[in-house]
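Whole structure, please, built from the sequences with the hints as guidance.
Read top to bottom, the protein sequences are chains A and B. Per the numbering used here, the very first residue in the first sequence carries number 1; after that it's consecutive. Per the numbering used here, the very first residue in the second sequence carries number 1; after that it's consecutive.
Treat the hints with caution; some may be incorrect.
Here are the simulated distance ranges between beta carbons [stated by the list, open to error]:
id : chain 1 : residue 1 : chain 2 : residue 2 : range
1  : A       : M211      : B       : A313      : 39 to 45 Å
2  : B       : I167      : A       : A226      : 37 to 43 Å
3  : B       : I167      : A       : Q149      : 55 to 61 Å
4  : A       : N184      : B       : W228      : 34 to 40 Å
5  : A       : D183      : B       : V57       : 25 to 31 Å
These aren't lab readings, by the way, just hints derived from the structure by calculation. The structure displayed is predicted, hence computed values, not measured ones. Heads up, the beta-carbon is just placed ideally off N, CA and C, and yes, glycines get one too.
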Amino acid sequence: MTDGEGGSGIISPAEWRKPSIRFTLTALQWLLLVSLVVVGLGPIVWLAKSAITPTLDTIIHPVSLFPHGAAWSNLREAWSTVHVGLYFWNTVVIALGYWAAQIIVATTGGFALSVLRPRYAALINGLLLGTLFIPGVVLLVPLYIEIVQVPLVHTSLIDSYWAIWLPAGASAFNVVLMRRFFDNLPREIFEAARIDGAGPFRLFWSIVLPMSKPILGVVSIFAVLASWKDFLWPLLVLTNPNEQPLSVRLPSIESQTSLGVFLAAMFIACLVPIAGFLVFQRSFLRGGGLGGAIKG
Amino acid sequence: MLDQLREPAFTKRGLSRTSRVPRRSPITWVRGGGLSTLLFLAPLLFVFGAFSWYPIVRTVVMSLQHTNLVQPATWVGFANFKAVWHDPLFPVAVKNTLYFAGLALVFGYPIPLIAAVLMSEVRKRRGIYSALAYLPVVIPPVVAVLLWKFFYDASSTGVFNTVLGWIHLGPYPWLQSQQWAMPSLVLESTWANAGATVIIYLAALTGVQTELYEAASVDGAGILRKVWHVTLPQLRGILLVTLILQIIGTAQVFLEPYLFTSGGPANATLTVLLLIYNYAFGNSLGGDYGKATALSLMLAVFLAIFSLIYLRATRSWSTR
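Below you can see the structure in the form of structure tokens.
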């Protein structure tokens, strides 16, 4: 990923010096950049512009570059009158629990399977890898019924955030990712710690976790993003509108809200993922490649 | 080398100090760290047991039962499977899902690859390219769909129809016509997902050995031939994986047909997952969970068999 001369090497320096090749490639890359700006950035810029444009103006001139008059009130109205503020905080709370569940399960489980390695680790690994191959749709209905009628304790978790948080922890991908990372930590350090008298809890908290910051960051980012994007499951288990996250509320408020306010609400829903992406770009793009690496 | 020799001995002893005791009684098990290991595994075992392994088994059981949560479940054998099989909507949903998956391959499979290869040769500010490509991936899918739904406005003042009107095309009916609805869904879905694949390819492209390109250059290969004979063969492992992942993903498409069209117009975008949803949750009088689980099992088994055949058929080619 080095910048400057070299690229990935498809084009040799000799070829790069030929004006025809240089011109064609530069033109193609500019074309790519322009289309990426239009396709990738365009809809979001349009949404940002329309969020502060009067409804009527958006309807009459949907593709004008500049709004005729600003309507900052759209954002205010969306946040308070349409209760987007409430749904926003619901989304935040759901995301925090989702993140905590995934991190706790993945770190403790990965640590036990990679470092402590009990005799039955192979069995658990097998079961985990098995779930990676089961499409999520298989779980939908039985999981829903399990939430409606929780076995053994005979209550219902409908309208409780636990109905989202607890199943969120069952991400085999995260556990496998974490286990692989722990596998590559130097074993000598564990042995040295053991000789110095550190038990498994000390080893986990003071040695393995601090050494795993990069992977913890990647898993955290993708946990929060996945929670923010989730739609179907919260739609099923959260029936009370006051508890629902943005993704579930947006389709329902569409018909009752004026277009400008609705677009402002959608823009608010995008803010956290986009800001997170801009801040943690490196982790996003590195972690995005992991998806292929672990399965390949 | 030394590490490799030492590692088995270390792992066999684990973190215990007393595991040299030959007999394993509960006390030596606790002293040997067995209990703390189990404590560390407790969150994983609880969460996966309750919310992954148990529901998987439950699906199989429920598909053979008649359940509506009110009356006790009764065993009905394969009646649910038969009912799904004879549902006139079943072939429609299968056909639509195959259509969606096929269109998604045509639109979505070559574009990320071409973009990634071009981007890998960008000399300056490559980060901007990958950031722009990845941006749609972080947009919440619900927002993306609702935004595109507005763009797809079928009147001549709709966003896409206005833009296409500049070059004297359209107006197109987009989501409102049986013929255009599915391609419209696929277009949005490709927009939303292509960036993730681009990033995977970019990561894989950095792994291609530059010596191979140099050797190809020495042998007189031009740029396109190097891409064809070096880059693509070197990426074939990841290309095969992304292909199967995309097929598995598109076979489970739900959000786009649910939010864009609710399966319409005239069931033109009714997918298998939407049918499962309708069986289980679409009826306000109570869901037919038996049929829903039967159909989801059929989909899962189909995908499993398909993946196995695919992996078997491409194994020799991908590891050569």
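Do the hints match the structure? See the list:
no. : hint                        : result
1   : A:M211 x B:A313: 39 to 45 Å : holds (41 Å)
2   : B:I167 x A:A226: 37 to 43 Å : holds (39 Å)
3   : B:I167 x A:Q149: 55 to 61 Å : holds (57 Å)
4   : A:N184 x B:W228: 34 to 40 Å : holds (35 Å)
5   : A:D183 x B:V57: 25 to 31 Å  : holds (30 Å)
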